[in-house]
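J.: Chains as they are written, first to last, in this note's numbering: chain A, 1 to 328; chain B, 1001 to 1251.
Hint data in this document are derived by calculation from the structure and do not stem from the laboratory. Treat the numbers as computed from the prediction; the structure is a model and nothing was measured. Please note: incorrect hints may appear among the correct ones.
Heads up, simulated DSSO-like pairs for lysine-lysine below, C-alpha to C-alpha not over 27 Å straight-line [said to hold, decoys possible]:
| id | chain 1 | residue 1 | chain 2 | residue 2 |
| --- | --- | --- | --- | --- |
| 1 | A | Lys327 | B | Lys1249 |
| 2 | A | Lys261 | B | Lys1016 |
| 3 | B | Lys1088 | B | Lys1249 |
| 4 | A | Lys302 | B | Lys1016 |
| 5 | A | Lys324 | B | Lys1016 |
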Amino acid sequence: MPKILAFVEQRGGVLKRTAGEVLGAARRLADGGGSGEVVAVLIGHDIAATLGAALGPLGADRVRALQHPSLAPYSGEAYARLLAAEAALAKPDLVLFPASAMGKDLAPRVAAVLGVGLASDCTALEAGAGGSGFAATRPVYAGKAQLKVGFAASPAMASLRPNVFTAPSAQPGRSAVVEAVTSDPGALRDAVQSLVLAASAKVDLTEADIVVTGGRGMKGPEHWGLIEGLAAALGAATGASRAVVDAGWRPHAEQVGQTGKTVSPSLYIACGVSGAIQHLAGMSSSRVIVAINKDPDAPIFKVADYGIVGDAFEVLPRLTEEFKKLKG
Amino acid sequence: MRIAVCIKRVPDTETKVRIAADGKSLEPSGVSYDLSPYDEYAVEEALRIKDAAGGTPEVVVLSAGVGDAATQIRKALAMGADRGILLKGDLPFSDASSAASALAGALKELGADLCLTGKQAIDDDGLQVPAYLAQALGWTLVSVVTKLELKDGKALAHRQVEGGHEVVEVPLPAVITCQKGLNTPRFASLPNIMKAKKKPLEEKALASAAPRLTVLGLALPPGRKAGRIVGQGPDAAPLLVKALHEEAKVV
Ligand SMILES: Cc1cc2nc3c(=O)[nH]c(=O)nc-3n(C[C@H](O)[C@H](O)[C@H](O)COP(=O)(O)OP(=O)(O)OC[C@H]3O[C@@H](n4cnc5c(N)ncnc54)[C@H](O)[C@@H]3O)c2cc1C
Ligand SMILES: Nc1ncnc2c1ncn2[C@@H]1O[C@H](COP(=O)(O)O)[C@@H](O)[C@H]1O
């Protein structure tokens, strides 16, 4: 009967999509071990009433909503301190996080406070193996291998790669007990002074369900309208190869690959990207890969599920038009 | 002022991964090693801080692990770091707490105002040594930093988050993890490579700690099934859309 603590991410009072993924994984492991319990932990300001009720249908049995005005912006130090205290109180067998920007910062802090091991950015999690009863699988060497680890101490801790664990559909009939707790984190050394969001409210790369990436084959930043047009037709995020970022055509935040972001969307469309090993490292776990390249021997075709051999400048406008027709 | 930089020796990005006979580790033959790319940003940032302060801060490079990491320390010395400390010993793969406790022990002895690391080592992609390190030292931590300013005993950092960046101010001493975009690492000139050979590199045995993770296995990822070329040129566009809609069902 495993007890699982799941950190549920919200920003600005809005639940992240990963909430369903993390709670879904927690529910599956809790039920697999025979009527275990899933405790969701929400941290922020004024969130219990607005967000708490949504978590039962996603798989939580109990919701701990830790609230305080100074918790409205993320603070790694405060969030870690509170979560470690929750873990000490609940004594879970497993603590789960999303491997989002926030989760990647937070999970190792909590693991360090508790002095336990953490498996970061996992793509699979199972019960019944390893010292504490869980085994986690995670990509290493930039996705060129998969490492399976067990945990020497309890609780086991893992962060889950976004888009990999499917969120079960919400069960409206399920409800959770929501406990709103006033949690003053006390003095903080790392208060966030401001959050600066990029002007465009585009979908973020690592959270996107579809990613359209442009490489050096796009010839210059003035042609990015073609990439953006296709992305807009699909509601996709845009990415870039390192060659493009190094040339200054696109910001580094858009780089996909070993020294950029790792993405696992359900559809990845690479345009004018050769498919260097360092690029593949960042996107080869995508569910479906499409390549558009004028060179039939480009290595990207080796990992692509579907390819078009042709000039991106001719193919992209037509493709955008066809997708618009489909969605039309 | 003293700046410590933690660097790791990792298989270079071109490495074709093969699994060793034990089924738990990388087959080492034929692998060439390099400084983890994010650690280069850490070294560069330390050197910029040093240069901006008229050369007074001392930049000390630390690495824990196999003895061969001396090569990567020399690379950082050739870029301009002042001296190196190599903590020699076997570190269990991907066990962050072992690496961090070795580094923390050395850092406590050394004393520093700032510790710079990479945001991620590109072998275990562990994303956690800096957090364990900060915890062990009782220092603040700012991760995934793309801009850093030091002033009056404080660090003002921009950290990358989804869709933008956060501006965070923390008191020193702090552990800061470096992300691409922070700077452009310099190349070592030949004279500096020669000079680096004479810079001090102290070797110590690392104090080992009980691992918190156990490796159960290392495997190659499942291969992707063969794909197909749907056609040539713009006329293939409708065929692709049809395949994605009806066959792959992703749009
Ligand atoms: C330490 C290290 C880390 C790295 N990290 C990354 C990383 O994180 N991400 C990354 O992407 N790379 C990374 N790289 C770089 C990588 O090795 C490649 O250099 C890079 O990915 C190439 O980018 P590209 O595919 O856009 O350009 P190119 O390799 O130049 O490929 C351009 C492609 O466009 C095609 N093309 C040209 N014109 C057209 C047209 N009109 N229509 C259609 N196709 C066309 C060409 O056939 C070619 O295949 C790294 C390298 C190193 C050494
Ligand atoms: N064995 C080590 N020796 C020195 N620094 C390390 C070591 N392991 C990790 N680091 C530092 O911690 C960062 C993050 O590593 P990781 O947590 O493994 O992703 C690296 O970029 C290095 O700066």
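J.: If a hint holds in the structure, say so; if it doesn't, say that too.
T.: Hints versus structure:
A distance of roughly 13 Å separates the Cα atoms of Lys327/A and Lys1249/B; the hinted pair therefore holds under the 27 Å criterion. Restraint check for Lys261/A and Lys1016/B: the C-alpha separation of about 20 Å stays at or below 27 Å, so the hint holds. Pair hint Lys1088/B plus Lys1249/B does not hold up; C-alpha atoms about 52 Å apart against a cutoff of 27 Å. The straight-line distance between the Cα atoms of Lys302/A and Lys1016/B is roughly 15 Å, inside the 27 Å bound, and the hint therefore holds.
Distance restraint check for Lys324/A and Lys1016/B: the Cα-Cα separation of roughly 40 Å exceeds the 27 Å cut-off, and the hinted pair is therefore not satisfied.
Consistency note: the structure conflicts with the earlier hints numbered 3, 5.
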